[in-house]
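*Asks:* Each chain is listed here by its residues.
Protein chains: 2
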Amino acid sequence: MNELRKDPILGNWVIISPERGKRPQAYAQLQRVIKKKETVCPLCSGNESLTPPEIYALRPKRSKPDTKGWGVRVVPNRFPALGRKKELVRKRLGMFDVMSGFGAHEVIIETPEHDKNLKDQSVKELSKVLKTFQYRIEELYKDKHLHYCLVFKNEGWEAGASLEHPHSQLIATPVIPKRIKEELVGSRNYFKGRKRCVYCDILSQERKNGERIVYENKEYLAFCPFASRFPFEIWLLPKKHNADFCSRTTKESISLLADALRTTIQKLAQALDNPQYNYVIHTAPNPISRHGYGKNIDRNFHWHIEIIPRLTRVAGFEWGADFYINPMAPEEAARSLREKEIR
Amino acid sequence: MNELRKDPILGNWVIISPERGKRPQAYAQLQRVIKKKETVCPLCSGNESLTPPEIYALRPKRSKPDTKGWGVRVVPNRFPALGRKKELVRKRLGMFDVMSGFGAHEVIIETPEHDKNLKDQSVKELSKVLKTFQYRIEELYKDKHLHYCLVFKNEGWEAGASLEHPHSQLIATPVIPKRIKEELVGSRNYFKGRKRCVYCDILSQERKNGERIVYENKEYLAFCPFASRFPFEIWLLPKKHNADFCSRTTKESISLLADALRTTIQKLAQALDNPQYNYVIHTAPNPISRHGYGKNIDRNFHWHIEIIPRLTRVAGFEWGADFYINPMAPEEAARSLREKEIR
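Which chain is which? The protein sequence lines are A and B, in order.
Each step along the first sequence adds one to the number in the numbering used here, with nothing skipped, and position 74 is 60.
Each step along the second sequence adds one to the number in the numbering used here, with nothing skipped, and position 308 is 294.
Any given hint might turn out to be false.
No copy is singled out in the list; a pair is fine if it fits within one copy or between any two copies.
Unchecked claim - Below, simulated BS3-like cross-link-like pairs (lysine-lysine); rule was C-alpha separation at most 25 angstroms, straight line:
1. Lys164 to Lys110
2. Lys181 to Lys114
3. Lys50 to Lys194
4. Lys128 to Lys105
5. Lys110 to Lys8
6. Lys8 to Lys178
7. Lys117 to Lys178
8. Lys204 to Lys71
9. Lys130 to Lys77
10. Lys326 to Lys8
11. Lys71 to Lys47
12. Lys178 to Lys130
13. Lys164 to Lys(-8)
14. Lys102 to Lys164
15. Lys77 to Lys178
16. Lys167 to Lys237
17. Lys(-8) to Lys225
18. Lys178 to Lys164
19. Lys72 to Lys181
20. Lys(-8) to Lys117
21. Lys281 to Lys72
Because the hints were derived from the structure by calculation, they are not lab data.
Please read all numbers here as calculations on a predicted model, not as lab measurements.
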């Protein structure tokens, strides 16, 4: 029943994923729902039978799937937006384009412990989560119909989470999401003639200028982007050019990424009293389905993580026109985050 | 202090509008603020002195500005995102592009009565509001630096409103907002070779098909778009091709538009128990600054209103990738709205 539909004017795809048996009237109540702490958390250690069978887990060698003892665990989303049981079918409905709801929707359970949020995870623990992301993306990219894997985290009810237990999600799609496509086109256009990566140029200017920097270690830089759409928006980039989130798998590099991500989130937590937030990994599309973006994608794109705390309401101006009013200068946001000392 | 900044990768502009004297820490509280009913509403009849001096008002011929007796009143926003006091200055900061915060930000007070929401306004009253929009856009478009006027309404706290009194807003900008630009490009591309407007083709298919129609009168059609991003998203279009919201000024046409808008909002109110919502008018840019979109803009673009009820939370997937999961098939949303009888 789920399907992907293409907007005939803008060209982007939307997932239509009707919740089974949900009547239109049910939406009237949605805005008033308050999250109730589940009495039994399906993501906690010991409750493995409450999730669909696991896809992957970091667990001791001889322990069985769907039993206790794991460190990170990946399961299918119970209400997947997309799935791979059906075939990928493309069709036309009059002037409209449709695809079957082909793809994958996975939940990465970051820790067996219910209360161990990202900011409380050790560098070693968070490294395991990041390596799991890489592993799942690489596995899914073996399917040439999956053009993109979007890894993201919703922390807090307002940010879209419906379970408290620390988890991230991965959605693999047969199309490249609109914003990623725009980044690919934008960075390709910048590269033309210049033969330089736009993100590398930004990194160089931000490091020289310094006023928007939030945190920096040997390999990664976190900063508030010049044209931030939201207060305290942060981008986290590898300082050395790299288009592909999965390509740097040395233990040191993963640890440094975990350090940068953890420190950035801790700074936000300190400055803003544990705000709800989203982060999204922007990486290059599936190497075997990069048609349309040329051979240079490895040279002109630069993977990064975008972190958006949910602090302000988004109004008609933003929705209707994709035009943002940010009430907080990124320089000031960065200064207040830079000042926070993290142990 | 306000300025427009261009994203160096995506090319869109963001308004940086720091609220004076607001410290970074203040954002930590924002998410918990609950709207308090103002004891004195600055938009009510009799309180004209509480707003900046009026720009325009529909009032009896000999009544003085900023006094009682008006029907619709336009005032500058007390905290404008953009203003015309400063000159329009364009400059470069290293690799970044900046513009001074040049533009206009106006509040259209729809009625002197505090509790008369759009759905309770008569066709005659709403017609006056719509004519005021047209008048203000035409006035502002006399300034060739103002490339676009975005008219929108935020109804309810979650939808971004900070005052209860029925009002809409207008933001005039020296750039064309991202989503509008994409529509102009998309409809231009569709027109190429075909010599047909993409919106006219959609209208024709929707009217033939019927299942996504919400309401129709002699001149206007309201329907849930095929690739709706949100549950109960509705587009309202003139059935006869027309690129410019300001160009149909016959009394009958305005009344029919008021009827279509009012009926649509009433249907939403009935079906979803008075949901909060946004609507945004998408019209052609300033005729004297349409560079870059060719001479055919009048033939390939089609003005419309996009109505978005605020029913679901928006999560990381949507923010991070501009890729939407809609849990409600537009056909089902349209059916449930079509069924509602409006007196």
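*Asks:* It remains to establish, for every hint, whether it holds in the given structure.
*Replies:* Going through the hints against the structure:
Taking the closest pair of Cα atoms, Lys164 and Lys110 never come within 25 angstroms of each other, the shortest separation being 34 angstroms inside a single copy and 41 angstroms across copies. Proximity of Lys181 to Lys114 under the C-alpha cut-off of 25 angstroms is found in neither arrangement, the shortest distances being 35 angstroms within a copy and 55 angstroms between copies. In this assembly of identical chains, the alpha carbons of Lys50 and Lys194 never lie at most 25 angstroms apart, being 52 angstroms within a copy and 57 angstroms across copies at closest. Taking the shortest Cα distances, Lys128 and Lys105 never come within 25 angstroms of each other, neither inside one copy (32 angstroms) nor across copies (53 angstroms).
For a Cα distance limit of 25 angstroms, the shortest separation of Lys110 from Lys8 qualifies neither inside one copy, at 42 angstroms, nor across copies, at 38 angstroms. Taking CA atoms no more than 25 angstroms apart as the test, Lys8 paired with Lys178 passes in neither setting, with 49 angstroms inside one copy and 42 angstroms between copies. For the homomeric pair Lys117 and Lys178, neither the shortest alpha-carbon distance inside one copy (33 angstroms) nor that between copies (47 angstroms) is at most 25 angstroms. When the C-alpha separation of Lys204 and Lys71 is checked against a cutoff of 25 angstroms, the pair qualifies neither within a copy, at 43 angstroms, nor between copies, at 46 angstroms.
For a Cα distance limit of 25 angstroms, the shortest separation of Lys130 from Lys77 inside one copy, 19 angstroms, qualifies, whereas the shortest one across copies, 45 angstroms, does not. For the identical chains of this complex, Lys326 and Lys8 are inter-copy neighbours only, at 19 angstroms across copies versus 46 angstroms inside a copy, given an alpha-carbon limit of 25 angstroms. Neither within a single protomer nor between protomers do Lys71 and Lys47 lie at most 25 angstroms apart by alpha-carbon distance, with minima of 29 angstroms and 70 angstroms respectively. Taking the shortest alpha-carbon separations for Lys178 and Lys130, neither the intra-copy value of 28 angstroms nor the inter-copy value of 32 angstroms comes in at or below 25 angstroms.
In this assembly of identical chains, Lys164 and Lys(-8) lie within 25 angstroms of each other by CA distance both inside one copy and across copies; the values are 11 angstroms within and 19 angstroms between. For a Cα distance limit of 25 angstroms, the shortest separation of Lys102 from Lys164 qualifies neither inside one copy, at 33 angstroms, nor across copies, at 39 angstroms. In this homomeric assembly, Lys77 and Lys178 come within 25 angstroms of each other (Cα to Cα) only across copies, at 23 angstroms, whereas the closest approach inside a single copy is 35 angstroms. For a Cα distance limit of 25 angstroms, the shortest separation of Lys167 from Lys237 qualifies neither inside one copy, at 30 angstroms, nor across copies, at 44 angstroms.
Taking the shortest alpha-carbon separations for Lys(-8) and Lys225, only the inter-copy value of 22 angstroms comes in at or below 25 angstroms, while the best intra-copy value is 36 angstroms. For a Cα distance limit of 25 angstroms, the shortest separation of Lys178 from Lys164 qualifies both inside one copy, at 21 angstroms, and across copies, at 23 angstroms. In this assembly of identical chains, Lys72 and Lys181 lie within 25 angstroms of each other by CA distance neither inside one copy nor across copies; the values are 42 angstroms within and 38 angstroms between. Proximity of Lys(-8) and Lys117 under a CA criterion of 25 angstroms is satisfied in neither setting, with 33 angstroms inside one chain copy and 34 angstroms between copies.
Proximity of Lys281 to Lys72 under the C-alpha cut-off of 25 angstroms is found in neither arrangement, the shortest distances being 31 angstroms within a copy and 46 angstroms between copies.
Checked against the numbered hints above, the structure breaks hints 1, 2, 3, 4, 5, 6, 7, 8, 11, 12, 14, 16, 19, 20 and 21 and satisfies the rest.
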